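A.B. asks: Here are the chains, one letter per residue:
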Amino acid sequence: MNSCTPNLPPRPNRSQSQERLASDLREHLKHFPPRFREVIVLRDLEGCSYKEIAAIASIPIGTVMSSLSRARRQLHSALAKGAGGEDTHGL
Amino acid sequence: MGCDLEYSVVHSYFDGELGVIRAAEFKHHLADCSDCMDQLAALSSVRGSLKYARLYETAPASLRRKIRADLHSIMPTTRGSLRLSWRGLAAAAGLFLVVLILWRVISGVRKEQDYQAEFAAGIVDAHLRSLLPGQITNVNSSDPQTVGTWFEGKVKFVFPVRNFADVGFALEGGRVDIVQGQTVAALVYRSRDQLFNVFIWRASEWNGSPRSGSRQGCQWIAWRTGKLEFCAVSAAAPSDLDRFERLLTE
Numbered sequence: 035m036n037s038c039t040p041n042l043p044p045r046p047n048r049s050q051s052q053e054r055l056a057s058d059l060r061e062h063l064k065h066f067p068p069r070f071r072e073v074i075v076l077r078d079l080e081g082c083s084y085k086e087i088a089a090i091a092s093i094p095i096g097t098v099m100s101s102l103s104r105a106r107r108q109l110h111s112a113l114a115k116g117a118g119g120e121d122t123h124g125l
Numbered sequence: 058m059g060c061d062l063e064y065s066v067v068h069s070y071f072d073g074e075l076g077v078i079r080a081a082e083f084k085h086h087l088a089d090c091s092d093c094m095d096q097l098a099a100l101s102s103v104r105g106s107l108k109y110a111r112l113y114e115t116a117p118a119s120l121r122r123k124i125r126a127d128l129h130s131i132m133p134t135t136r137g138s139l140r141l142s143w144r145g146l147a148a149a150a151g152l153f154l155v156v157l158i159l160w161r162v163i164s165g166v167r168k169e170q171d172y173q174a175e176f177a178a179g180i181v182d183a184h185l186r187s188l189l190p191g192q193i194t195n196v197n198s199s200d201p202q203t204v205g206t207w208f209e210g211k212v213k214f215v216f217p218v219r220n221f222a223d224v225g226f227a228l229e230g231g232r233v234d235i236v237q238g239q240t241v242a243a244l245v246y247r248s249r250d251q252l253f254n255v256f257i258w259r260a261s262e263w264n265g266s267p268r269s270g271s272r273q274g275c276q277w278i279a280w281r282t283g284k285l286e287f288c289a290v291s292a293a294a295p296s297d298l299d300r301f302e303r304l305l306t307e
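Protein chains in written order, with the working numbering: chain A, 35 to 125; chain B, 58 to 307.
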């Protein structure tokens, strides 16, 4: 995420919990392979379809799906560890 | 995954990428598959966390459509002939961000109502999600001590657990849930045919004045007691929720 988001001033009305979560997420995503970051941002934040992601990233749709699955599993595991749990619910 | 279905089906369903018939088949499958339910809940949790953290601002829908149309107009139609690298994606994301920073300057600082709307959305989503089969409780008991003991070690705060069965609100159990990326305790009560979730978490910077609202057919009311925040949610009538809140705050 650091490579694609410019430095921004702090948002005055974002809650402390949002700031903490954003900080945690940035730290986790920083260690993701670029492909994983790419697909999870395009899908879960930008709402791009699998077809759009495949076109933007120039990868097959099957790769979009497998990368997304692995990225989500990694992120869920990382967030769960932070909350004291480990179960990835089979992601 | 204990279920025989491919993981890709669950993800595709979650992302709205299954066709109508397959989606209907999967929805039917969900009624009997706790593994798939759990996966959907986990996917919802990940996306909810990403959205809640607001890693960056998103443009109004009209602006996003325009920028996306502009991006697509400069992209070739044959896949693979233009390789947008992560840097290219960063440039596109940067374009969204620059435009949105300007939009925020023009439209002004976000109001408290926006925060409340997000809070309401998160809490009602969690309530509705809990109504899916098998999602409502991790511990099934009407005994407050049993339920309270179950939460030890699972959440980092202590809270009272009471059963109001004698006045029509029976304790059914509890579970740990995630609301907007935060781990919360949830107590489950039943009054006649209506379920009530009481979400509990450590208080943040909110000043503690009771808040309430309705969304998607559910009523919710939130308050603060000491270092904990509470929110009761139900599809019951507002008067029933008010009566329940009075019991909880007595």
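In short, the hints are calculated from the structure, not lab data.
Keep in mind the model is a prediction, meaning the values are calculated, not measured.
Incorrect hints may have been included.
What the hints assert, rightly or not - Simulated pairs of lysine to any residue, SDA-like, Cα-Cα distance not exceeding 20 angstroms:
no. : chain 1 : residue 1 : chain 2 : residue 2
1   : B       : K108      : A       : G96
2   : B       : K213      : B       : T203
3   : A       : K115      : A       : E53
4   : B       : K213      : A       : G81
5   : B       : K213      : A       : L79
6   : A       : K85       : A       : S49
7   : B       : K284      : B       : L305
8   : B       : K108      : A       : P94
9   : A       : K85       : B       : G76
10  : B       : K213      : B       : S271
11  : B       : K108      : A       : I95
A.B. asks: Against each hint, give a clear statement of whether it holds in the structure.
C.D. replies: So, going through the hints one by one against the coordinates:
1. Distance restraint check for B/K108 and A/G96: the Cα-Cα separation of roughly 25 angstroms exceeds the 20 angstroms cut-off, and the hinted pair is therefore not satisfied.
2. For the given pair, B/K213 sits about 17 angstroms from B/T203 by alpha-carbon distance, which is consistent with the 20 angstroms threshold.
3. For the suggested pair A/K115 and A/E53, the alpha carbons sit about 18 angstroms apart, so the restraint of at most 20 angstroms is met.
4. Using a Cα cut-off of 20 angstroms, the hinted pair B/K213 and A/G81 is violated, with the two alpha carbons roughly 34 angstroms apart.
5. Of the supplied pair hints, the one linking B/K213 and A/L79 is violated, its CA atoms being roughly 30 angstroms apart against a limit of 20 angstroms.
6. Restraint check for A/K85 and A/S49: the C-alpha separation of about 35 angstroms exceeds 20 angstroms, so the hint is violated.
7. Restraint check for B/K284 and B/L305: satisfied, since their Cα atoms lie roughly 16 angstroms apart, inside the 20 angstroms limit.
8. Of the supplied pair hints, the one linking B/K108 and A/P94 is violated, its CA atoms being roughly 26 angstroms apart against a limit of 20 angstroms.
9. For the given pair, A/K85 sits about 14 angstroms from B/G76 by alpha-carbon distance, which is consistent with the 20 angstroms threshold.
10. For a cut-off of 20 angstroms, the pair hint linking B/K213 to B/S271 is broken: about 29 angstroms separates their Cα positions.
11. In summary, the hint linking B/K108 to A/I95 is not supported, as the alpha carbons are separated by about 24 angstroms, beyond the 20 angstroms threshold.
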